Every structure is written in structure tokens, then in C-alpha cells.
Amino acid sequence: MARIVGGFGISHTPSMGLEYDKGLAQGFSPRWQKWYDGTRGVKAWLERAAPDRMIIVYNDHLNHFDFSAYPTMAIGVAPEFRQADEGWGLRPFPSLVGDVDLGWHLTEKLVRGGYDLTVCQDLAVDHGIYSWLPYLMDLPWTIPVVPVAINMVRHPIPTSERLHQFGKDIRRAIDSFPGEDRIVVVGTGGMSHQISGARFGIANETLDHYFLEKLKDETEELVAIPQEELMRLGGTEAAELAIWFSMRGALSDKVKEVHRYYTFPAITGCGVVVYEEPA
Amino acid sequence: MSNSIPFNLDPPGTYLYTGQMATKGFKLTRFGLSLRDPANRERFLKDEAAYMREAGLNEEEIRLVLARDWTGLIEAGGHLQAMLKVAATVGQNLWHIGAHNAGMEVEELMRICPRTVSALPEGEK
Ligand SMILES: [Fe+2]
Chain A
1 MARIVGGFGI SHTPSMGLEY DKGLAQGFSP RWQKWYDGTR GVKAWLERAA
51 PDRMIIVYND HLNHFDFSAY PTMAIGVAPE FRQADEGWGL RPFPSLVGDV
101 DLGWHLTEKL VRGGYDLTVC QDLAVDHGIY SWLPYLMDLP WTIPVVPVAI
151 NMVRHPIPTS ERLHQFGKDI RRAIDSFPGE DRIVVVGTGG MSHQISGARF
201 GIANETLDHY FLEKLKDETE ELVAIPQEEL MRLGGTEAAE LAIWFSMRGA
251 LSDKVKEVHR YYTFPAITGC GVVVYEEPA
Chain B
1 MSNSIPFNLD PPGTYLYTGQ MATKGFKLTR FGLSLRDPAN RERFLKDEAA
51 YMREAGLNEE EIRLVLARDW TGLIEAGGHL QAMLKVAATV GQNLWHIGAH
101 NAGMEVEELM RICPRTVSAL PEGEK
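Those protein sequence lines, which keep their order, are chains A and B. Mapping the first sequence onto the working numbering, position 250 (from 1) lands on 250, and the numbers just tick up by one. Mapping the second sequence onto the working numbering, position 7 (from 1) lands on 7, and the numbers just tick up by one.
Just so you know, the hints here were simulated from the structure itself, not pulled from any lab data. Note that this is a predicted model, so its numbers are computed, not measured. One or more hints might be untrue.
Unchecked claim - Here are the computed distance ranges between Cβ atoms for each label pair:
id, chain 1, residue 1, chain 2, residue 2, range
1, A, 178, B, 110, 51 to 59 Å
2, B, 20, A, 217, 35 to 43 Å
3, A, 29, B, 23, 39 to 47 Å
4, A, 172, B, 16, 33 to 41 Å
5, B, 107, A, 30, 15 to 23 Å
6, B, 111, A, 178, 52 to 60 Å
7, B, 93, A, 252, 38 to 46 Å
8, B, 119, A, 22, 27 to 35 Å
9, B, 49, A, 47, 47 to 55 Å
10, B, 122, A, 3, 36 to 44 Å
Unchecked claim - Facing chain B, according to a computed beta carbon distance under 7 Å, are these residues of chain A, among others:
id, residue
11, 61
12, 88
13, 203
14, 206
15, 209
16, 236
17, 239
Don't be surprised by glycine CBs; every beta carbon is placed ideally from N, CA and C.
Chain A with its partners taken away, still in its complex shape (with noise of 0.2 Å):
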């Protein structure tokens, strides 16, 4: 049978993937370099690891959904996935390799088992996906993958119980999917972040240290922690945080953690934590 080899979380954010971009045609900034060079272990860590292919859950930010039709949470089924143009034009990135198989699988697996998914068999992704993805791995991007989006743009947003179960559902489907294959599991939120209102630029690296530290064994500690919480003390946005619990629910308890790294480079905690199953 197919299985879950590690899996990470990971900070998203429009800058982090219009400043790749800027470091690599001159040079990045200080404070980008830092997430650059930080993001290195991860890349040799994903290398080493060879999945097969990927399930990552993410959220759109109103780039390809809008409001005449929002899912709360919404797989990806198709043979790519093509960039979102989320108003400054497409960076220069080919299309995602989908995962028909496993995306109809989970899919099966996952409706039957009680989630009411929206399949989207055309899907834009944006930077939820697009900004941390061109640090991890080389063109071409090759390995297919399965996008999952929850709603985080618009409350109410899915519980973190109900996202932390969702991951141990995930993994559930895959003891069930056919073949040999090596699967790795992402689940990407901004950490503490606030867009919009006088608190914007809020940044809590307290909170996100203590996320960082807690998500390995005291999960349950942080899924009980109410979301309007880490909303009042990390921002608004850090709600999205909730989408690693998926992550963290995909994996079992026996998971070693490899690599961890954190900064705040401008608007965002920029986070990622990285890990292992035993062999």
C-alpha cells in the first residue's frame, strides 16, 4: 500500500513569492535571504524524501473562487492546476502537475467518509501554493499533486478539530490507495499576520514560536485553542495556522521532527517545520 513518508507546514504569502523571484534575477534582500537560506534543509529534506506525490492543503485568497460560490472546503481533480493571476499578472511558473488518481481517490474515500468536498476539476492556484513551492524544488516540477483548499477568507471558517480530523482521514484514505507509492502530506497558512485595519503588520513571534514547538506532540493543546484566540493575539489572518493541523493529523505520533525554521521578514511570520516517519 501506498504511505505518508513526512509532511510540513509551511508559511504562505504574496511577498514571499514576488521577492523569490526579485533574489533570484538580483540578489534577495536581507531579510528575504534569511527565509531563502532557511528554506534550504527543507528543499534536500524533500529531495531525499522522493514522494511520489503530494497532497497539500491550502486556502485561496478570492483568486480563483469568489463569493457568487465559496467552499469551505474544495479538492482539485485535474490533470494541472494553472497559476492564479491574483491582479499583478503571472509570474513566470509553469501550470502544477495534478494527481487524477489519488484526487479521485481521496475524493471517493473522503465524500463517503463524511466531507462534503467541492471538486473542482479546474483549479487556478495562487500564492497559497506558488510563493513557498519555487524554494522547495527545482523545474520542472514534475511530482503530481492534489490541491485541497479550505475557506479562511470569510467566517465562519472550518474548525481546527474538524481540520485536525480531516488529516486523520487523510491518512486513513491512503492506507487504502493502491501501489508502493511514497506520499508526503503539506499544509500551508500564513503564521501571525493581520492585512487589513489598524492592527495590520501585528507580529506575534511568541505565538508562532510556541505554535512551532507544540504541533509535534501537544496538538491537542493547540487545536483546542479557540481560533478567535489566535486571531487576537497573532492577527486575523493567523487562523490559517488551523490548516496545519491537517498536516499534522496526516501523520502518527511516531513522526521525527527534521527541520524547523522560523523569521519575520516583513508582514508575515514565515515558519516551516518538517517532518519524518520512520522508515
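Knowing the structure of chain A, use the given hints to seat chain B with the ligand on it.
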């Protein structure tokens, strides 16, 4: 507005994007998101008011956009992500929105960011 950051989710510090906000700002948000399309960006820039009238915005909403009143737009239910498309189209960015919301100049906001606070959930040290 000083650099002190309140730990609550009330305006003007925070405008939580709820269902009611989404209803109030439905057209405004839809208008902003229409600018994801480069052809629409071009049409908008040619005649902002005409484009917005066609998009069904009312006179007050049009006035807020023309005035680049980012705070007023967010209060009117325009989703930040949608207003960001408007800002990008007119040559502004997230910092302009943030500075307007925080009541300071862009340079000042950039200088004080990250606005570091330190606090953990109830009962944690
Ligand atoms: Fe996000």
C-alpha cells in the same frame, strides 16, 4: 493611531470578515475580483467611474474607490483580497491599504513593521 496594538477584534483595529460583511460588500468585492482579468484592468483604468457603474456599484462605493479610501472600502464590506486587486491595478499595494487603515504614511508603517507584540493564549507563559 499609535503603534500600540489592542488584543481585541473590534474596529478600527480589526474588521472581521463575517457573512453580514460579505452581504453588505458583495458587489464591491465582486468588482474588485473582476480586476483579476487583465482585460478588465485595462477597461477600468480607461474610465474608472463608468466601469464601476457598469459593475453595479452605488455612488458612495464609487466615491470611496476614486478617493482610494481603503478604510472606507473595508468598512463597506469590500474584502481585503478584492480591494488589493483594485490597489494593484491603480499602482498601489498592500502597504497603502495598511497605512490608510492604520492612519499613517506608508513610509512610517514600513518603518515600524513588524509591529512586534508578545502574548500567548490564556494560561500559557
Ligand atoms: Fe493565506
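Find the hints from earlier in the document that the structure breaks and name them by number, from lowest to highest. 15, 17
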